[in-house]
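> Residue strings, one per chain:
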Amino acid sequence: MQLSKTRKRAVSVIAALFAAIMLLLALPVSATADEVGTEFDDRVFGNVKLDGESLGGVEITVRGNGYEASTVTGDDGRWVIGVPERGAYEVILNEETLPPGIAVVEDGGPIKQIEFGLTGTVVTNYFIGEGERTAVGLWPQFFTRLVYGINFGLMLALASVGLSLVFGTTKLSNFAHAEMVTLGAVVALFFASLDINPFLGILLAVAVSGFAGFAQDVVIWRPLRRKGLGIVQLMIVSIGLALTMRYVFQFFIGGSTSQLPSLGGESFKLFGTLTLSTTDIASMGISIVVLIAFALWLTMTKTGKATRAISDNIDLAAASGIDVDRVIRYVWITASALAGLGGILWAYFRPGIKWDMGEKILLLIFAAVVLGGLGTAFGALIGALIVGIMVETSTLILAPDIKYVGALIVLIGVLLVKPTGLLGTKERIG
Amino acid sequence: MDWIQILSNTVESILSPVTFAFVLASLGLAMHFGFAGLLNFGIAGFMAIGAYGYAISVLRFDLPWWGGMLVSIAAAIVFAILLGAPTLRLRGDYLAIVTIAAAEIARLLFLTNTFDDFTGSASGLFGYHDSFRAANPIPEGTYGFGPFTYSETDWWVRIFALAVLAVVIWLLWALSRSPWGRVIKGIREDEDAVRALGKNVFAYKMQALIIGGVFGAMGGVVYALPSAVNPTVYVTSLTFFIWTALLLGGAATVFGPVLGSIIFWVLQAFLTNVLPALAQEGGILESLTSQQASTLRFILVGIGLMLIVIYRPQGIAGDKRELTFVK
Chain A
300 MQLSKTRKRA VSVIAALFAA IMLLLALPVS ATADEVGTEF DDRVFGNVKL
350 DGESLGGVEI TVRGNGYEAS TVTGDDGRWV IGVPERGAYE VILNEETLPP
400 GIAVVEDGGP IKQIEFGLTG TVVTNYFIGE GERTAVGLWP QFFTRLVYGI
450 NFGLMLALAS VGLSLVFGTT KLSNFAHAEM VTLGAVVALF FASLDINPFL
500 GILLAVAVSG FAGFAQDVVI WRPLRRKGLG IVQLMIVSIG LALTMRYVFQ
550 FFIGGSTSQL PSLGGESFKL FGTLTLSTTD IASMGISIVV LIAFALWLTM
600 TKTGKATRAI SDNIDLAAAS GIDVDRVIRY VWITASALAG LGGILWAYFR
650 PGIKWDMGEK ILLLIFAAVV LGGLGTAFGA LIGALIVGIM VETSTLILAP
700 DIKYVGALIV LIGVLLVKPT GLLGTKERIG
Chain B
8 MDWIQILSNT VESILSPVTF AFVLASLGLA MHFGFAGLLN FGIAGFMAIG
58 AYGYAISVLR FDLPWWGGML VSIAAAIVFA ILLGAPTLRL RGDYLAIVTI
108 AAAEIARLLF LTNTFDDFTG SASGLFGYHD SFRAANPIPE GTYGFGPFTY
158 SETDWWVRIF ALAVLAVVIW LLWALSRSPW GRVIKGIRED EDAVRALGKN
208 VFAYKMQALI IGGVFGAMGG VVYALPSAVN PTVYVTSLTF FIWTALLLGG
258 AATVFGPVLG SIIFWVLQAF LTNVLPALAQ EGGILESLTS QQASTLRFIL
308 VGIGLMLIVI YRPQGIAGDK RELTFVK
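Protein sequences appear in the order of chains A and B.
Going left to right, the first sequence walks through residues 300 to 729 as our numbering numbers them.
Going left to right, the second sequence walks through residues 8 to 334 as our numbering numbers them.
The set of hints was computed from the structure by calculation and includes no laboratory data.
Among the hints, erroneous ones may be present.
To be verified - Some chain A residues well away from chain B (every beta-carbon gap over 12 Å; in silico): (1) Met-544; (2) Gly-554; (3) Thr-556; (4) Lys-568; (5) Asp-655.
Claimed, not checked - DSS-like cross-link-like pairs, simulated, lysine-lysine; straight-line CA separation at most 27 Å: (6) B:Lys-327 to A:Lys-470; (7) B:Lys-327 to A:Lys-526; (8) A:Lys-604 to A:Lys-470; (9) B:Lys-192 to A:Lys-470.
Stated by the list, open to error - With the Cβ distance kept under 10 Å, some of the chain A side facing chain B (calculated, not the full set): (10) Lys-470; (11) Val-531; (12) Gly-539; (13) Val-588.
Quick reminder that beta carbons are idealized off the backbone N, C-alpha and C, glycines included.
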């Protein structure tokens, strides 16, 4: 009886997924740029941006291997040029077509040398800044990175506290949590495509994320708890869910990076190289306010206290009259809404939304949670800040493409040396 | 829709090197998870180390092909020891997090520009085939029938992979019914009981991790043999796909991973061919782009993984009593 019920539930999950697929098929496709040489399989493509704004009408030439072709960027700043063979080429941006007074001053200037690797595509972007390049000392650089690190750490905290709460109350290492981060950003993108007020869109996206957490608990996790699945099985189910969600996102938004609409505002030069936009400052403010509200909820309200009671001892909590299922449902809603918000803010920070963006920080979230102490929400908050700051400041020493390595080493190190984490109590060791 | 072509492509995947690589890697995982109860979520890391170990030693150090493979095996042993020495005492899900993190560290270090001279960073490694192909005893030409028609090089890769596979399957089978295998299964069921019998549990677990890791590394070598080493392959998704193949066939069996990997790839090949065709020629998927249609098959993998774990955790070939340790 119980089994057939869960089976029916599983069928309805699949049905719901496909319904969602059909419903959202109407997602608009972004306008494609002017394309040249589309008869060839191998392509060079890229984006031209000025201060983060897409720049149309810029002439780009690809030359080499006895071939030459030019195109003009579309309104979205994109350009595509097909080439007859994989090899080395020169990409030239015609500076005369840039707005007056603007020049490409980044490394290499307007001419870039490219070479095809294994794949049939090469990306060549021109992200043109204000063109200032000043030598700065180590300390101002460190300070800049520190502020970025705090900003990133706060977003990470939004994602991590939820994972930690879920682990505390249900003992599930939820690998699908990072997909909730992506979900927030993708839903925000969907609302942005409807041309509604961006702030309203973000609020709605957070609400949808919370609802997705609720639905997850009702459709998947609660029936499985009833069925008595072990923690390892639950963990693998969450991996399956993560794969499913990840590819559902790819299904809708494709493999490319999309941007949320700009929230307006300007950039402030604060200190040395530190430039923060209003969006950055607002993002930090929102993170802090939400995290404080979350902390108050956890310590002051009845549900919050019940949550902590369940984390401590689930049987005792149930025996003292706490409705465990109801509290866990709140935990799922809260965790998913916070993760969704974190995803939206991160989409502005990165910048951009990609189908696998959540996967990229899944292990950082785990690192934060483990560092702070699995199952303790405040530990996750501190862990996230440390991981965020560490990731950003490590770029002063390490190449940016291995900036996550340090955090992963910390993750392994903490599990080996002090598996309870910074704030964990002894009973919580597995 | 050209059903003959679709079926031919589907059947062809049975003999594809990628399928063989999956079988090898999932046999390694069967050693880790099915027999020793170790939750290794870093099998993609072992495969990456196998593939890069082979390609780097052939390309950068001019070793012959068999030398490259020995380097891969040695590298996998070192990686297993580095990974296992501190972590084999951790509880199951902690071990999962540590192994997945270690595999990501390996991948990021292969991907970074910092070691471009050795790893080729984002473009990967290619053009290391001369030595292996020179050892090919098959005379030039095209052989086979129907969907299994290949050039002498393609056959050489497949025959070699099959030979490795045969050795690995025999080894796993022999080990699983040896006294050593019984101890390993005992550890999986109840570590403390085995320790009470005076066995060195840690050493047994480490041996299992090394053996399975070497199988995984050979999987990586086979993956790299016909084509190139591409860093985008060895992501955590690869680990999850291999877990899916393993659990589908049956984790605690020798035959299960083989069956699971073949079913996994036959289904993948079938869907790869059918879904875009359905999208192009109308029918139920009419409104999809061919890209979306082919993404559907990965969505199905995720749903499939969830359903297997919930309803048949022992897999197709498995025995439920063998999986009571999964808690």
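> Among all the numbered hints in the text so far, which are the ones the structure does not match?
When the structure is compared with the hints, numbers 1, 2, 5 and 13 turn out to be violated.
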